[in-house]
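Trainee: As given, the protein sequences belong to chains A, B, C and D, one line each in that order.
Heads up: the first sequence begins at 287 in our numbering, then just goes up one per residue.
Heads up: the second sequence begins at 287 in our numbering, then just goes up one per residue.
Heads up: the third sequence begins at 287 in our numbering, then just goes up one per residue.
Heads up: the fourth sequence begins at 287 in our numbering, then just goes up one per residue.
Treat the hints loosely; a few may be bogus.
Note: identical chains are not told apart, hence a pair may lie in one copy or across any two.
Below, computed lysine-lysine pairings styled on BS3-like, alpha-carbon distance capped at 30 angstroms [said to hold, decoys possible]:
1) Lys-293 with Lys-383
2) Lys-299 with Lys-490
3) Lys-374 with Lys-355
4) Lys-374 with Lys-300
5) Lys-355 with Lys-435
6) Lys-383 with Lys-300
7) Lys-441 with Lys-539
It is worth saying that the hints were derived from the structure and are not from the lab.
Values in this document were obtained by computation on a predicted structure and should not be read as measured data.
Protein chains: 4
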Amino acid sequence: MTSAILKITCQDKKGLIAAVSGFISQHSGNIITLDEFVDRDTNTFFMRVEWDIHDFTIDRENIAPALDKLTAAGGFGGRWELFFADIKPRMAVFVSKFDHCLWDLLLRHRAGELRCDIPIIVSNHEDLRPVADFFGVPYQVVPKTIENKFAAERKEFEILASYKIDFVVMARYMQVLSEDFLSRYENRVINIHHSFLPAFEGAKPYHRAFERGVKIIGATAHFATVNLDKGPIIHQSTLQISHQDTVDDLITKGRDIEKRVLSDGVKLYIANRVFVHGHRTIIL
Amino acid sequence: MTSAILKITCQDKKGLIAAVSGFISQHSGNIITLDEFVDRDTNTFFMRVEWDIHDFTIDRENIAPALDKLTAAGGFGGRWELFFADIKPRMAVFVSKFDHCLWDLLLRHRAGELRCDIPIIVSNHEDLRPVADFFGVPYQVVPKTIENKFAAERKEFEILASYKIDFVVMARYMQVLSEDFLSRYENRVINIHHSFLPAFEGAKPYHRAFERGVKIIGATAHFATVNLDKGPIIHQSTLQISHQDTVDDLITKGRDIEKRVLSDGVKLYIANRVFVHGHRTIIL
Amino acid sequence: MTSAILKITCQDKKGLIAAVSGFISQHSGNIITLDEFVDRDTNTFFMRVEWDIHDFTIDRENIAPALDKLTAAGGFGGRWELFFADIKPRMAVFVSKFDHCLWDLLLRHRAGELRCDIPIIVSNHEDLRPVADFFGVPYQVVPKTIENKFAAERKEFEILASYKIDFVVMARYMQVLSEDFLSRYENRVINIHHSFLPAFEGAKPYHRAFERGVKIIGATAHFATVNLDKGPIIHQSTLQISHQDTVDDLITKGRDIEKRVLSDGVKLYIANRVFVHGHRTIIL
Amino acid sequence: MTSAILKITCQDKKGLIAAVSGFISQHSGNIITLDEFVDRDTNTFFMRVEWDIHDFTIDRENIAPALDKLTAAGGFGGRWELFFADIKPRMAVFVSKFDHCLWDLLLRHRAGELRCDIPIIVSNHEDLRPVADFFGVPYQVVPKTIENKFAAERKEFEILASYKIDFVVMARYMQVLSEDFLSRYENRVINIHHSFLPAFEGAKPYHRAFERGVKIIGATAHFATVNLDKGPIIHQSTLQISHQDTVDDLITKGRDIEKRVLSDGVKLYIANRVFVHGHRTIIL
C-alpha cells in the first residue's frame, strides 16, 4: 500500500475538509487517516490527511499541480506540503561525544521503528565513529572551534547537500548552530535538551536541578532556533527522582529519558505530524 | 456556539468522509473536529464529527431525516447516532457504601468537568445519602438480597425511566446486574473494576494482588456485560507499589486511581467518543 | 501499637546508628522502621527511626531527656525532634476561593489517609464556608487587602495560637505571607504551586505554559519561603498535555495534579519524613 | 571506597539492628546505607546494610566467621549473605533471536550502569553473535530441540561453571528451563515477561492483549520458576496504548518497556537489594 500525505495550514473557513476529502474521493483515493485542528485564537486550520494512492486517478507527479489548483480555487490562501509514504526523509545525525541518543536512533532505525534514511552522521569528534561503523553509516568529522565556526558550518552545508539531507537531529550535539544554519533548515533541526523546558535552559541542567532540589527531571525535544532552548517544543517527558540521586545519578537516569523523548519527537516529525505555529507545535 | 455530533460505524469504503463533510459544508455547517478510524481486520469505518450548527441550513429536527437520506443514498449500510452538545445526557450513579468515586463524580460535575445531568443516585444502602444531599441530588435506596433481585431491578427500571436516564455509572456498586438489565442498557452501563484487567477479575483484587506480590496496581473502566469484568474496556491506568504496602495501603492507593479512571472513562462516554467494536472500544 | 519517632540531623560520624538503635534496644524498644541518609557534599547525617514503645522501659516524658543525654554523650552535636504516633499534628488549612485542594484534604482526612487534626480553616473569603460546614470544621474569615496585611496576619497568629496549630497548608491560598509569618512557622508552611518549578514561578503559570507551548504541566508542593516559589521542594509531578488543550483545559487538568501533589506532600510531612537541608529536602 | 554489604533474613526480634550496627561500629566500620523491613504477617525481618570497610578492623576473610559468631550469639536463627562492592557478580545472558534486551544490557553495562561482569552470552541461535562481537563478549550457541533438552542443559551448566557465573538473565530467551536448571540456580535466574503479570501469562501476550482490547501493556521482571510466569516479581511497569495500535505496534512499544523493566530489575539484583519471601520480593 502506497500513500500520499498532505499537510495544510491555512485560515479556517467552512468547507475545507469537504473540499480536500472530496478531491481525494473524486479521484478514487481512499483516506487512511485524517486529523485536523483549529486554533481558535488565530483562526488557523491545520490538517494532515493520508490516503491510499493505489487506485488514485492522478499520477504522482500531477498531484501537486492538482492541489495547487484546488487550493487556489478554494481560496485556501495558506500553505501545504505533500509527501509520499514510500519516499523516506533523509536524516543527518549530529553528535559530539555522548553516544546514548545515537545508539537509540540507530537501533530503532534498524528495528524498523524510524521510517527514514540515515545517510550520514556528522560529529566534531572522532569518538563515535565505531558506532557509525557498526551500522555501516558514513561518519564525517567537522572539528569546531570558536574561530572556525563559519568555515565549519560551510563544510557541514556541503555534507548536508551532498547527502541530500532533509532534516537534522542534534543527538546531544553540544554545539550551538548559527543563525545562518538555522534559517537554512528552519524547523528542520531537532534538538534534545536535557531538562523539562522552560526550566533549566542553557548549560548543565542536571547540576542546576540538583542544586534546586527538584523531585523530577525531564527532557525536551524541540526545533532548534536562534534563541537557545526557546524553539517550538515537539515532545517532553519527566521522571521522578529523590534526594538519594547524586548529579551523576541524574545524568545516568537522564540518558534514558533523553533518548526516548528524542526518538519519539523524531518519529512524530518523520510521520509528518508536526506543524509549527508560532512558539508552539500542533501534533496531528 | 451550539454543535451537532455525529457518530458513524459502517463498512469502510471510499468517499465516506467526503460525503459527510460535503453534506455539512453544503448546508453551511463548520466542522469543529473530525476523527475517524478504520479497523483493517474487519474493514470497519468509525467516525465522530462535530460541527457548529449556528448557520446550519437544516433545522435540528430535520438533521436526522437528512442523515437517513444521506446514508441510504451513499449506501453506508451501518448505523449512526446524532447528538447535540447542548443536550446533556442524563446519568444515574449506582453506589453501595464506598464513597470516593461518588464524591469524585459529583465534585467534577459541579466544577463543570462532566457535561451531563445527574438527576438521581441509586443505592442498596442508606449510607451515602448525606453526600447526595450536599449536592442536592435525589437519592433512592433499593435494597438488594439474593431473593429480591428481580423485584429490585424492576424498581430500578422504574426509577431510571422516571428520571429519563440515558446511562448508568456503577461507582463501586458492589452488585452484579442481571442479563435483563444489561441488555436494556447495552453499552450504557459503565463499571469501575479495581484492578488492571484481565488480571484479578472478580472479588478482592487488592488482596489477590498483595498475595501475588505484584509491583503495580490499577483500575479499569469498562462497559458492564453479563460476563463479569469481561466487558469492553474504556480506560485503564496503573501505579507503582512496593513490598511496604499492606493490603490496606493498596486499598487506599487504589481509591485514587479508581476514581480518576472512572471519571476519565465517563468523560469520554459523555463526549460521545466511545465506540464499541466487539470486545474492544474505539475512542475518537 | 504506639510508637515514637525520632528525627536526627547531625554531622556524619561512625557509630550513630549503633548508638541510637542500641539505646532503643537496651530499653526494650522494637524498631519498626529506620531510614537514614548521608549527604556526602556536606557530610550531614539524617535519620528517622520509629519504634514500638509498648514495652519501652523509659516513660514517654523521660525519653526526650534521655535523648539529650545520649546525643550529648555521643557528641552528635546536631539537632533532633521526637514525635509520638498517637499525638496527631494540628494542621490549619488556608484557602481562598478555589475549592479542589480543600475538598481533597478534607475527604482524605475523613477517609483516614491523613493522620492529623484539622481544627481550623482560614480564608480571606466567605466562599468555602459550606465545605467546612459539611465536615464540621470551624471556618474563620480574615479579609486581606494591601493595607491591612499586617493587622490581618496578627489576627491569623491569634487564630493559629488559639487552635494550637503545628503547621499550615496553603491549599491554593492566593496570598503571599510576610517574612514575619514565615519566620514564625519556618518549614511549617506548605504551599502548592501550579507548575513544575522552577518553571513558571509566580502568577498565571497555566497561561504562560500555554504561551510557551509546553507538552507537560505539573505541580509542586514546597515549603513557603520569603523568596516566592523558591522554597525547598517536597514533591512534584507532571502530566502530558497536547496542543488541543486550551488554557481552561490546563486549569482543569491541573486541578487534578495540584490536589494529589499537595496531599502527597502533606502526608510525607505528617509522617515526619521531611528534612530540610538548605534548598533541598531529604524524604526518609 | 570499598564497602561490604550484608543481607539478613530472620525471625523479627528486638535488638537486631542494634546488634548489627553495633558490630560494625565496634570494628570501626562506617555505615553507608541501612534498609530494613519487617513482614508483619510472618514476623520476618529483612535487612540490607552496606558499610565502608576502609578502616574496618576485621580483615575481609574474617568478616564472615565474625558474622557467624554474631548471629549465633544473637540467636538470629535466619540466614545471611555477605558481598563486597568491589567484587562484581558474574552475569550470563541467555538470548534467542530478539536483540533489544541484549543491546540494552550491553550498552548500559558499557556506560557503567550495571556493576557486574558479563563474561558470556548463551544462545540457541547464531543470530546475535555480531552484537556480542561488537562488545567483545564470548558467545556460545547451544541449540535446543525438544529431544536434546537434557543434553543441552548439561552443556549450559558446563558453560556457566567454566565462566564462574553467579546469575543468569533471560533476555527474551524463548526457552523454558528445566526444574533441574532452576533448582541449581534458585532465585538466580531473572526473566522478562512481556506483559503485566498475572495478566497474559504464557505465549503471545501482545496478541492476547490486542484481542482483549486493553488500554495498557506492560512488562514484568521476575525470577524464573518451574511454574512458568509465576515466579517472584522484581519489577513491573506499564504504558498506555490505544485502539490505533496494531499487534505490531504493541510489539514495538513493548520492546521499550521490556528492556527498561529488565535492566531495572537486573540493577536491583546486582545491588543485592532483592530478597525473595515466598511468592513475593522485598526490595531494600
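Trainee: It remains to establish, for every hint, whether it holds in the given structure.
Mentor: Against the structure, the hints:
1. Taking the closest pair of Cα atoms, Lys-293 and Lys-383 never come within 30 angstroms of each other, the shortest separation being 36 angstroms inside a single copy and 39 angstroms across copies.
2. For the identical chains of this complex, Lys-299 and Lys-490 are neighbours neither inside a copy (46 angstroms) nor across copies (32 angstroms), given an alpha-carbon limit of 30 angstroms.
3. Taking identical chains as interchangeable, the C-alpha atoms of Lys-374 and Lys-355 lie at most 30 angstroms apart only when both belong to the same chain, with a minimum of 26 angstroms there against 43 angstroms between chains.
4. Proximity of Lys-374 to Lys-300 under the C-alpha cut-off of 30 angstroms is restricted to the inter-copy arrangement: shortest distance 26 angstroms between copies versus 33 angstroms within a copy.
5. For a Cα distance limit of 30 angstroms, the shortest separation of Lys-355 from Lys-435 qualifies neither inside one copy, at 44 angstroms, nor across copies, at 67 angstroms.
6. Taking identical chains as interchangeable, the C-alpha atoms of Lys-383 and Lys-300 are never at most 30 angstroms apart, the minima being 52 angstroms within one chain and 41 angstroms between chains.
7. Taking CA atoms no more than 30 angstroms apart as the test, Lys-441 paired with Lys-539 passes in neither setting, with 35 angstroms inside one copy and 38 angstroms between copies.
Hint violations for this structure: numbers 1, 2, 5, 6 and 7, all remaining hints satisfied.
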